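K.L.:
Turn these sequences into a full structure, and let the hints steer you where they fit.
Residue numbers (my numbering), protein chains in the order written: chain A, 38 to 363; chain B, 498 to 810.
Wrong hints could be hidden among the right ones.
Said to hold, decoys possible - Footprint (simulated), chain A over chain B, 3 or more residues, beta carbon under 8 Å:
no.	segment
1	590-596
2	623-633
3	756-764
To be verified - Over the 12 Å line for every Cβ pair with chain B, so calculated as not near, a few chain A residues:
no.	residue
4	Arg-101
5	Gln-155
6	Pro-166
7	Val-221
8	Ala-282
9	Gly-315
10	Gln-340
Keep in mind that the hints were calculated from the coordinates and are not lab data. Owing to the predicted nature of the structure, the values given are computational and were not obtained by experimental measurement. No residue lacks a Cβ here, since even glycine has one placed at the ideal position from N, Cα and C.
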Amino acid sequence: MTPDEARLSRFPWPFTGDAYRYSANVEPAPKLRRTPVGAWGGAVLDVDADYEAELSERAAVLARDPARHVELPHMRAATWDALVWGLRELAATHPETMSLAGAGRHLVWSNHRLGLTQGFRLGEEDTLPMAPLRFLASQIQEDVVLLDQREGQLFADAGCVTFASNWSMAFDLGMSFREIHGPVPHDLADGAIPRAEQFLMRLQPGEVFRRINWTSTAGHRLDTALDSYHEWGPSRRALATGDLAAVFHMRNEVQHLVRLPESGAIMFLIRTYLLPLGEICRVPEWRRQFAAVLRTLPEDILQYKGLTALRPRILAVLEAEPVEAA
Amino acid sequence: MIAGPGLPLVVDAVLDVAPDIRAFVLRHPSGDPLPSFVPGSHLPVFCGEGRINSYSLTGESGAPETYAISVHHRRDGRGGSTFMHALRVGDRLACGLPRSAFAPVASARHHLMIAGGIGITPFLSHLRAARRWGRSASLLFAVREGAPVPHAAELDALCGDLRVLRGRAAMTAAVEAALVDQPLGTHLYVCGPEAMIDDVLERAARAGWPAERCHAERFGAVLPPGAPFEAILRRTGRRIAVPAEASLLDAVEAAGIPWPSLCRQGVCGECRMEGVEGTILHRDHYLSPAEREAGNCLMPCVSRGAGLITLDL
Ligand code: HEM
Ligand code: FES
Chain A
38 MTPDEARLSR FPWPFTGDAY RYSANVEPAP KLRRTPVGAW GGAVLDVDAD YEAELSERAA
98 VLARDPARHV ELPHMRAATW DALVWGLREL AATHPETMSL AGAGRHLVWS NHRLGLTQGF
158 RLGEEDTLPM APLRFLASQI QEDVVLLDQR EGQLFADAGC VTFASNWSMA FDLGMSFREI
218 HGPVPHDLAD GAIPRAEQFL MRLQPGEVFR RINWTSTAGH RLDTALDSYH EWGPSRRALA
278 TGDLAAVFHM RNEVQHLVRL PESGAIMFLI RTYLLPLGEI CRVPEWRRQF AAVLRTLPED
338 ILQYKGLTAL RPRILAVLEA EPVEAA
Chain B
498 MIAGPGLPLV VDAVLDVAPD IRAFVLRHPS GDPLPSFVPG SHLPVFCGEG RINSYSLTGE
558 SGAPETYAIS VHHRRDGRGG STFMHALRVG DRLACGLPRS AFAPVASARH HLMIAGGIGI
618 TPFLSHLRAA RRWGRSASLL FAVREGAPVP HAAELDALCG DLRVLRGRAA MTAAVEAALV
678 DQPLGTHLYV CGPEAMIDDV LERAARAGWP AERCHAERFG AVLPPGAPFE AILRRTGRRI
738 AVPAEASLLD AVEAAGIPWP SLCRQGVCGE CRMEGVEGTI LHRDHYLSPA EREAGNCLMP
798 CVSRGAGLIT LDL
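P.N.:
Below, the structure is given as structure tokens:
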């Protein structure tokens, strides 16, 4: 299988119908979902063929810009909770290559995929080579945000996010859920964001839910954070001039929401998948459905997703030849 | 609030910590570590005859080998504590997963805890967490005149700023003084008899404490999942029963009728059913007040009927 084929077969297709609107689209996780060309969603933390490459890319981004990892002091307990939850989950999903052993507060993490063994003591920062949250982010392809719940609201008070889609973790640090979602249009009217927050605040320890979000990127580029806009912003010009089937990538985020068991913080995991338009066109059902969704997408959502000017050209690619039923 | 998935436990030890207060140590039958819990969490326990009582977890919260709870025997209660006090080592107990409803606020500058009698139990795990993460905490503990202090040794070891108060007058004076002498950014936590909680919250409000900084844990049974009811499917005339522990959506699916759903929590809007007749008990977070008022649609993943309802299926 080529990398493109592998990505295609595991791509989390975001649409279930021919129309897309914002909603509190959460469902219990994990749960394997089949697609016309494969499946996705069988594990909360998804380790795939791009594991090593994406983790080196994250390390490089963090080396250039350490502020992609930020925390407020009261999140210390939550970061340890996130680390242990994440390592346990990895070990449970990949027992052949990963394990978390140890007794009491002394634990040993082994990850053969990375050739790594690391012992540490819970709650003692100097037993790890880096902060607990950053260590977790060096073992999983997901970006991580931790939200503190207090006074009837959620606040994004810690995060290690290198692959943000046009936002900045450092800028959003300490913001409430409502403030973070301020730029999202067409929404407060429908109430999906407040409803989602109420739902998250009722999540009980041990519960895991997920949702998908979709948008677009020029080229196979994971780091499209606001922090590095000057680097990748100009590349969007290729969308206007280049071969759209190769340049336009659907950018899907599988987002998991976990109530951490000991700190009670909400962990928000964002896993980013990219697929070129040309690959989407290989799946007749996806091709037809994406076209139908684009045709009926409300103007303000189109605008927010940066698709207003592109829509006719994407449709032209999707509808270039008649699509047979899948 | 439903008790959630089950957790079978075995009584590992029983000890009397004060007259009428008995502590139970519980473990997993396999000896596996138990799920971690958020400080202040309670354990739903099935106490026979469909009763679910919740008891605060008092032990270590991180993947513990055992859970500990303390139960006050109320001879005039609904019988849950009598059931509990009859338990012996080796007995099996059906429990739910721990639920968090009285968590410490991590960003608080200081944690002021006020407990009355058996209301001390949730603070044991609060104090353990405070010590582990270096959080500042103080505790006022009202104990009846002449009664021994439950969990005295543990409290001494866990809390450097503990005051045991005997009698209502002493407690009231201590509470009044504490409420006006706290660092900015202090959060207040109260647990004990209803009357004491109401009294402390009222005094706090009068002293200018914002409601978001005041947290109370009231003891009481977990609400039962809902009463059983029946639904008639209009198009086929079939009648399906919805038992207390199942949702209407579960029952419809069990009857072999596929129906769209996503969250199964009443928030996403996916499972909406139109054309419903009968008395609807709305429990979702999705429908607007006007839609509820109209009385002909419901979210079957959480909402229920009373007696008999008719569905357009
Ligand atoms: C069930 C929970 C959630 C729902 C339903 C939800 C919904 C949404 C929606 C509809 C958008 C617009 C995306 C687009 O059209 O491309 C969005 C954007 C966003 N969400 Fe969420 N979200 C949820 C949880 C979270 C959480 C926990 C965080 C934590 C940080 C978060 C952070 C963001 C950010 C940073 C953006 C981009 C906002 C911007 O343009 O600056 N979301 N969300
Ligand atoms: S399944 Fe989401 S509201 Fe019922």
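K.L.:
Would you mind marking each hint as holding or not holding in the structure?
P.N.:
Structure-based check of each hint:
no.: 1; hint: 590-596; result: holds (count 3)
no.: 2; hint: 623-633; result: holds (count 3)
no.: 3; hint: 756-764; result: holds (count 5)
no.: 4; hint: Arg-101; result: holds, 30 Å
no.: 5; hint: Gln-155; result: holds, 19 Å
no.: 6; hint: Pro-166; result: holds, 22 Å
no.: 7; hint: Val-221; result: holds, 17 Å
no.: 8; hint: Ala-282; result: holds, 32 Å
no.: 9; hint: Gly-315; result: holds, 30 Å
no.: 10; hint: Gln-340; result: holds, 24 Å
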